[in-house]
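Required output: the full structure, derived from the provided sequences and hints.
Chains as they are written, first to last, in numbering that gives the first Met the number 0: chain F, 0 to 398; chain B, 0 to 398.
Heads up, some of the hints might be wrong.
[Unchecked claim] Below, computed lysine-lysine pairings styled on DSS-like, alpha-carbon distance capped at 30 angstroms:
| no. | chain 1 | residue 1 | chain 2 | residue 2 |
| --- | --- | --- | --- | --- |
| 1 | F | K206 | F | K246 |
| 2 | F | K344 | F | K358 |
| 3 | B | K206 | B | K235 |
| 4 | F | K370 | F | K355 |
| 5 | B | K246 | F | K344 |
| 6 | B | K54 | B | K71 |
| 7 | F | K355 | F | K344 |
| 8 | F | K355 | B | K28 |
| 9 | B | K355 | F | K28 |
| 10 | B | K246 | B | K71 |
| 11 | F | K370 | F | K332 |
| 12 | B | K344 | B | K332 |
| 13 | F | K332 | B | K54 |
| 14 | B | K344 | F | K28 |
| 15 | F | K54 | F | K71 |
| 16 | B | K370 | F | K54 |
| 17 | B | K54 | F | K370 |
| 18 | B | K332 | F | K54 |
| 19 | B | K355 | B | K370 |
| 20 | F | K358 | F | K332 |
| 21 | F | K71 | F | K235 |
| 22 | B | K344 | B | K358 |
| 23 | B | K28 | F | K344 |
| 24 | B | K332 | B | K355 |
| 25 | B | K28 | B | K135 |
| 26 | B | K332 | F | K28 |
| 27 | F | K135 | F | K28 |
| 28 | F | K54 | B | K344 |
| 29 | B | K28 | B | K54 |
| 30 | F | K332 | B | K28 |
| 31 | B | K235 | B | K246 |
| 32 | F | K235 | F | K137 |
| 33 | B | K206 | B | K54 |
| 34 | F | K28 | B | K358 |
| 35 | F | K71 | F | K246 |
| 36 | B | K28 | F | K358 |
| 37 | F | K344 | F | K246 |
| 38 | B | K137 | B | K71 |
Source of the hints: derived by calculation from the structure; they are not laboratory data.
Number of protein chains: 2
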Amino acid sequence: MKTESDFIPSGGITSPEGFLAGAISAGIKYENRPDLGVLYSEAPCAAAAVFCTNKVKAAPVILSRQRLQDGKAGAVVVNSGCANACTGERGMTDAVEMAELAARHVGVAADNVLVASTGVIGTMLPMERIRADLPKVKLTTDGGHELARAIMTTDTVPKEAAVRAGGFTVGGMAKGSGMIHPNLATMLCFLTTDAVVDADYLRAVLKEAVDISLNMVSIDGDDSTNDMALIMANGKAGGEPIIAGNKRAEVFQEALNKVCIYLAKEIARDGEGATRLIEVTLSGAASVADARIAARTIVSSSLVKAAVHGSDPNWGRVIAAAGRSGAELDADKLYLEIGGICLVKDGAPVPYDNDKVVKHLNGDEVRIDLKLNAGSAAATAWGCDLSEEYVTINSEYTT
Amino acid sequence: MKTESDFIPSGGITSPEGFLAGAISAGIKYENRPDLGVLYSEAPCAAAAVFCTNKVKAAPVILSRQRLQDGKAGAVVVNSGCANACTGERGMTDAVEMAELAARHVGVAADNVLVASTGVIGTMLPMERIRADLPKVKLTTDGGHELARAIMTTDTVPKEAAVRAGGFTVGGMAKGSGMIHPNLATMLCFLTTDAVVDADYLRAVLKEAVDISLNMVSIDGDDSTNDMALIMANGKAGGEPIIAGNKRAEVFQEALNKVCIYLAKEIARDGEGATRLIEVTLSGAASVADARIAARTIVSSSLVKAAVHGSDPNWGRVIAAAGRSGAELDADKLYLEIGGICLVKDGAPVPYDNDKVVKHLNGDEVRIDLKLNAGSAAATAWGCDLSEEYVTINSEYTT
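Okay, structure coming up:
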C-alpha cells in the first residue's frame, strides 16, 4: 500500500501542516517505554470523533465526547498503560486534570483539549507522575512517530500513514492489537488534516471512512470501554472549504478512506500473536448489512482463524460461519475461493489443488472470497490467525 | 452433582426402561474408535427436538426435522467423523439410506428413524463402510455407554447422566467440546425417558430445559450446521400421562433440567483445551434476556477466558464484556465477586485479598458473580478457560 504514489513515505499524524506531537516515558506502563504524549495543532481545528458504544465508558471517553460537542479541538493528551475505566468519580477528576495540565503546557483552552487513555481497566492513573512529566513533553513537527509509539500496548509495531491528495494532506496513527476482541482491547485512531473542512461534514466523512475500515476489523460492532477515532482539521492548507457534495469532498473522502483502510489492515496484521493477515471479501449479498456481518463473522471465527494458523483448508468452517451470521443465503448457491482457488461451487465441494491452497495459507496474507449469489452487495473485513501466542499474551496481561 | 440422591450412578440414555443402544467402529473417524451407533426404543416413542438455526443445515438435520413433524420416533442412527454437511443432493441421499439401513437392522419403519452426524463439514459419508458395519451394531440395555463414546469428536470424556424421580427415569448423553464456538463445533444431545409424555408437551419441556442448560454454554445463541437435542419418551414406566400443568409435570421438568444442566456443565468442563470450568451467574438484571446475554457474553469472552487460564484477576475484562453485551446497566452500580470475594462495588474497585482470588482461579471450578442492580432477573452460563491447547487442537483438526 505505501508504495502507491499518494502515500507519503514514513508519513504520520504530523505530516499535515501545523501539527506537532511528542511523547515521554512517565512510568505508567511497567516498562520504561513512552506512555504519555500530546498532539497539538498550531491553528484551532474543526474536529469530530466516533466513540465506543460500550455501556461502560471510560472517563476520558465521557469527557472527550462532551468537549467535542462544539466541533472544536486544539490538542489531545493521551496515555497508555492505564485505561482510566471503572475508576468512578476520581477517574473523571483525573481526566479533567490531565487535560488541564496539557492545556497549560501547549497554551490551549482546557475546553479544547481532548483526553484518550488505553491500558488496564480498573486502576487509577498515577497522577503524580503525569503532573511531573507532562510538562516535559517536547512537541516537534516530526513527533508523530514518537506519539505513535507511546500509544502502543501489546502492539508490536507503531501504525502510521499519511496520504497527499488535492492540495492537502491526511495523516493518521492507530493502536490496537487485541484483534480477536477489538471490542475489549482498546482501539485508538488519531487522524489529522490541513484541509479546510467544516466540523459537521467532518463527522459524516469520518463515519464513512471508519465504517469500511476500522469497523471491519471488529468482531461484532461492539467495542471496548475506551475506543475512539478522532479527526482534527486545522485548515492550514487553505483553499476553498471542503463541504458535502463539492468535487474536493470526493478527493478528501478517498484520501481519508485510504489512510483508515491502511491503518485497519495494520491493526489486523499486528493482531495479538498473529502470523498472518486474513482478508475476507463477501460478495453477492442481498444487502450491504448482510455482506458486512457475514464478512466479519467469518474473519472473527476462532475456528476459521485457527484453521488458517494451521494452514488447514478447513473451508466448512467458513461456510458454517456465514450460515450463522444471519446473512440471507441459499446453502446451494455458495461459491468459495481461498487464495483465488475455487473450493466450493453451488454449495458443494469441487476438486482442487490442495498443495496450492496450503501454500497460499502459509503466506503472509490470506484471501478468502465467499460469494453468496443472493444479491449484489459486497464488503471486506480484515483479521488475523489465532495462535497459541494469543492465549499466552492474554493470560499474562496484568500479572 | 452426581452424588445427589436422584442421580443414578453411571446412568445414561439406556437407564430408562426399554431403551437399547450400541455402537461399532466403522472407520469413519481416522482412528480406530467407535463412530457409528444406534439408539432404539422397544416401544414407539413420543419425540421432540430442537435443531440448529444455522442457515447452512446438514442433511441429517433437514431429514430428522421432517421426520419429527409427527412427534414420533423409534430409533436414531448416529455417526461421528463426518458431519454430512455441505454435501448437496448426495448428502441427503446418504442420510436417507443411513436411516433405511438402521430401520432394517432394528425393525422400525424408516420414517420413524432419525439421523444425526457430527465431524468434518464438506466430506461425503463413506457409505460402503456404513452399509457393511451398521448391521453389526449390537443393541443392549447397557449400550448407552458405548454410544456415548461413539458420538465423541474432540471430546476427551463421554458425557452421560440419568435421574430417577417420581416413578420414571430421564437419561441423557451429549457430545461437543468446541466449547468456545459451540455454534461451529456440533453439539449433540440425546435424552430418553420411560415416562408417559405427550409429544406436544415434550416440545415445551425440552425447550425450557435446553434454554437454561445447553443454550447457556453457547457463545451467542448461534449454532453449528448439525446441532440437535432430541428427547424420546417411550411410556414404559406407565402411569398417568404427564401433561402441562399437572403435578408430575413439575417433577418431570425438574428431572430433565437436572440432566440437561449436568450435561451442559460437562460439555463446558471438557471444552477444547480447557483446564477449568467457569460458571458465570448474572443477577440483578432488568430482564431474563439481559441476564442471559450478559452471562453468555462474559463466559465466551476470549479475554476473560484467557485471564482465567492465567489465574489473573483481570476483572476489568468481565465488566467490559457486560458493558458491550447490550444488557441494560448503570456502570456505577455494578457489583462483582470472583469465588465469593468482592472485587468491585458500585462500579469501582475495592481492596481485596489477591492471593485468595488467585487461589480460587487456580481451582477446577471458577465462579464469577456479577450483579447489575438494574432489576431482579438472573441467569447462569457455563464455559471454560482459553488455553494454548485450544489453538493447537483447532489448527490440526482436518489435517
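Hey, K235 (chain B) versus K246 (chain B), does the alpha-carbon distance stay inside 30 angstroms?
holds (19 angstroms)
Satisfaction of hint between K54 (chain F) and K332 (chain B), Cα-Cα up to 30 angstroms:
holds (12 angstroms)
Against the 30 angstroms threshold, does the CA-CA distance of K246 (chain B) and K344 (chain F) hold or violate the hint?
violated (54 angstroms)
Does K54 (chain B) sit within 30 angstroms of K332 (chain F), going by the straight-line distance between their CA atoms?
Holds, at about 12 angstroms.
Agreement of K54 (chain B) and K71 (chain B) with the hint, judged by alpha carbon distance not exceeding 30 angstroms:
holds (25 angstroms)
Hint check: K344 (chain F) vs K246 (chain F), CA-CA at most 30 angstroms. Holds or violated?
Not satisfied, since the Cα-Cα distance of roughly 42 angstroms exceeds 30 angstroms.
Would the pair K206 (chain B) and K235 (chain B) pass a check requiring their Cα atoms to be no farther apart than 30 angstroms?
At roughly 23 angstroms apart (the allowed maximum being 30 angstroms), K235 (chain B) and K206 (chain B) satisfy the hint.
Given pair status - K344 (chain F), K355 (chain F), alpha carbons within 30 angstroms:
Since the Cα atoms of K355 (chain F) and K344 (chain F) sit roughly 18 angstroms apart, the hinted pair holds (cutoff 30 angstroms).
Quick one, are K344 (chain F) and K358 (chain F) close enough, alpha carbons at most 30 angstroms?
holds (21 angstroms)
Decide if the proposed pair is consistent with the structure: K246 (chain B) and K71 (chain B), CA atoms, cutoff 30 angstroms inclusive.
Roughly 25 angstroms between the alpha carbons, so the hint for K246 (chain B) and K71 (chain B) holds.
Does the structure keep K28 (chain B) and K358 (chain F) at a Cα separation of 30 angstroms or less?
holds (26 angstroms)
Do the alpha carbons of K71 (chain F) and K235 (chain F) lie within 30 angstroms of each other, as the hint requires?
Given that 30 angstroms is the threshold and the Cα spacing comes to 15 angstroms, the pair holds.
Of the hints listed earlier, those the structure fails to meet are numbers 5, 37, in rising order.
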